[in-house]
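Chemist: Chains as they are written, first to last, in the working numbering: chain A, 32 to 314; chain B, 32 to 314.
Warning: the hint list may mix true and false statements.
One copy or two, it doesn't matter: identical chains are merged, so the pair holds either way.
To be verified - Taking lysine-lysine and the DSS-like style, the derived pairs with C-alpha atoms no more than 30 Å apart in a straight line are:
#: 1; residue 1: Lys141; residue 2: Lys76
#: 2; residue 1: Lys123; residue 2: Lys136
#: 3; residue 1: Lys163; residue 2: Lys76
#: 4; residue 1: Lys144; residue 2: Lys69
#: 5; residue 1: Lys152; residue 2: Lys54
#: 6; residue 1: Lys224; residue 2: Lys163
#: 7; residue 1: Lys82; residue 2: Lys209
#: 8; residue 1: Lys141; residue 2: Lys163
#: 9; residue 1: Lys108; residue 2: Lys209
Since the hints were made in silico from the structure, they are not lab data.
Number of protein chains: 2
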Amino acid sequence: MSVVLSRDSQVRVMEDTVTNAEKHLGQFCSMLAAYTRKTAQVRDKADRLVKQLTDFANTEHPDMRATLRSFAEDLAKVQDYRQAEVERLETKVISPLQLYGAHTKRAEIKKLKQVQKNEIKQLAKLGKLRQKSPSDRLTISQAETSVQRASADASHTTHRLGERIEAFQKRKLTDLQKIFLDFVTIEMVLHAKAVEVYSSAFQTLENYDPERDLEDFRAKMHGLYGHRDARPLTDTVSSPAVPWSLTGQSAQTALRGERREDEETLEASAEEDLRGRGRALHQ
Amino acid sequence: MSVVLSRDSQVRVMEDTVTNAEKHLGQFCSMLAAYTRKTAQVRDKADRLVKQLTDFANTEHPDMRATLRSFAEDLAKVQDYRQAEVERLETKVISPLQLYGAHTKRAEIKKLKQVQKNEIKQLAKLGKLRQKSPSDRLTISQAETSVQRASADASHTTHRLGERIEAFQKRKLTDLQKIFLDFVTIEMVLHAKAVEVYSSAFQTLENYDPERDLEDFRAKMHGLYGHRDARPLTDTVSSPAVPWSLTGQSAQTALRGERREDEETLEASAEEDLRGRGRALHQ
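Here chain A stands alone, though its shape is the one from the complex:
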């Protein structure tokens, strides 16, 4: 009977293993999905800031205009990396966790429990027979055979399922290690790239000197148009003469997919260029 009890405790270990995996990995999955969604929303907000910076740049004096455009471009680059982060988290972290529906294992455990129940039933039957008709050798012998068969079945099934649960546990441990390593790597790439881009943005902003722009302002005030490349202080669209067009930012934003709630319409002309840019970031 102690073998039966031992099998019973093995089943409990198996059940706990599967239950914990189901429960916690499912929660990891939804929490990491929420984390990723919020990250995508940070990217959206930053994209709008990029657009606003570009609009404002167009109303500003030449040096501030150039500085703000460069800053907007850097900020957009960080959002491209954030977009890459979001996509990688979906592919390498959330998707693998979604696969952890351990339901098939649960069915196998249920089956094992039935096998074990049968063993106990046969044992009880044999016990009863031995009490009631101790001299009925044939029936007792048949019952003993049934018990043996049921025991063999239970032993075999427990052993086989034990091996499978162990393999499941091994895969789970290895997968978790890999998934969290991927998470950390994805985050590290974003943060490292952001440090790089922001370092360059810092330089640009620091090099800005308001003095030359104030000359421009004074020239405007006293009607000396034509001084440097002074422009009227009104909203204008980004000049097509500018080598890189920041109007592309809004196009990219739209390109990033259907999850966006409140985004500008796509500017098809910028699409191809940005696709290329997006790809480069994913390598």
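Starting from the structure of chain A, add chain B where the hints point.
Modeler: Below, chain B without anything else, positioned relative to chain A:
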């Protein structure tokens, strides 16, 4: 009359300057506030993941348990830096932008317009007098004096306001440079610290070897309790013998303030420790 026109165009430059500052800086402010709020929400989601990792760690084999706890601790550290980022953005970026209510300047421009209107009115009056009563020397002389006074007033007011708007513009350019430099610096600190913390997390995760945990699993399966520090595979609370307590994470979460929507209750015991930790990050 060309002086009057020139003054008129100066007023337009002033108006554009103030209008653009009001419009765009106000938008920067609300967009950066939205960006900051979303960042705070990323932090909230990551905090929940930290809690979940800790809960799950308690159901796991010894090595995975230690690995997950260490990972959770690193993830919590990144959130502390994110919290510092949020607070710094509020203090050094959003608040200074909020101060850009350029309304007082607008009132001054309105006053200047009235002064200029008066000049035009006096000029028109003089013109009419010269047509109607060209011989009325005294009245014409009085009107000429009025025009001179109005012109002097308009010239003086335009000049003075021009200086003030120039000072405003200078301050705006310098402030924008400073605000965006602060933004970039704050972001850089977060990203640099995150790279540092995640590098250590990567090491911990990489060093994990599932083999020893599988021994623990097999021992549990075969009822060999007492093997290593095997524990039943059920949820338990974090052992108080553990030198650092991750239950503090939820306490910290609550500490971070009123903006949170859905957070755990405060564990007062961990408060003091975490305040110290928070402070260290802000230096």
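Chemist: All hints are to be evaluated individually against the structure, with a verdict given for each.
Modeler: Hints and how they fare:
In this homomeric assembly, Lys141 and Lys76 never come within 30 Å of each other (Cα to Cα): the closest approach is 50 Å inside a single copy and 36 Å across copies. When the C-alpha separation of Lys123 and Lys136 is checked against a cutoff of 30 Å, the pair qualifies only within one copy, where the shortest distance is 24 Å, while the shortest distance between copies is 54 Å. For a Cα distance limit of 30 Å, the shortest separation of Lys163 from Lys76 qualifies neither inside one copy, at 81 Å, nor across copies, at 66 Å. With identical chains, the CA atoms of Lys144 and Lys69 are never at most 30 Å apart, being 43 Å at best within one copy and 49 Å at best between copies.
Taking identical chains as interchangeable, the C-alpha atoms of Lys152 and Lys54 are never at most 30 Å apart, the minima being 33 Å within one chain and 82 Å between chains. In the homo-oligomer, the alpha carbons of Lys224 and Lys163 never lie at most 30 Å apart, since the shortest distance is 81 Å inside one protomer and 78 Å across protomers. For a Cα distance limit of 30 Å, the shortest separation of Lys82 from Lys209 across copies, 20 Å, qualifies, whereas the shortest one inside one copy, 38 Å, does not. Taking CA atoms no more than 30 Å apart as the test, Lys141 paired with Lys163 passes in neither setting, with 33 Å inside one copy and 113 Å between copies.
For the identical chains of this complex, Lys108 and Lys209 are neighbours both inside a copy (28 Å) and across copies (21 Å), given an alpha-carbon limit of 30 Å.
Taken one by one, the earlier hints fail for this structure at numbers 1, 3, 4, 5, 6 and 8, listed in ascending order.
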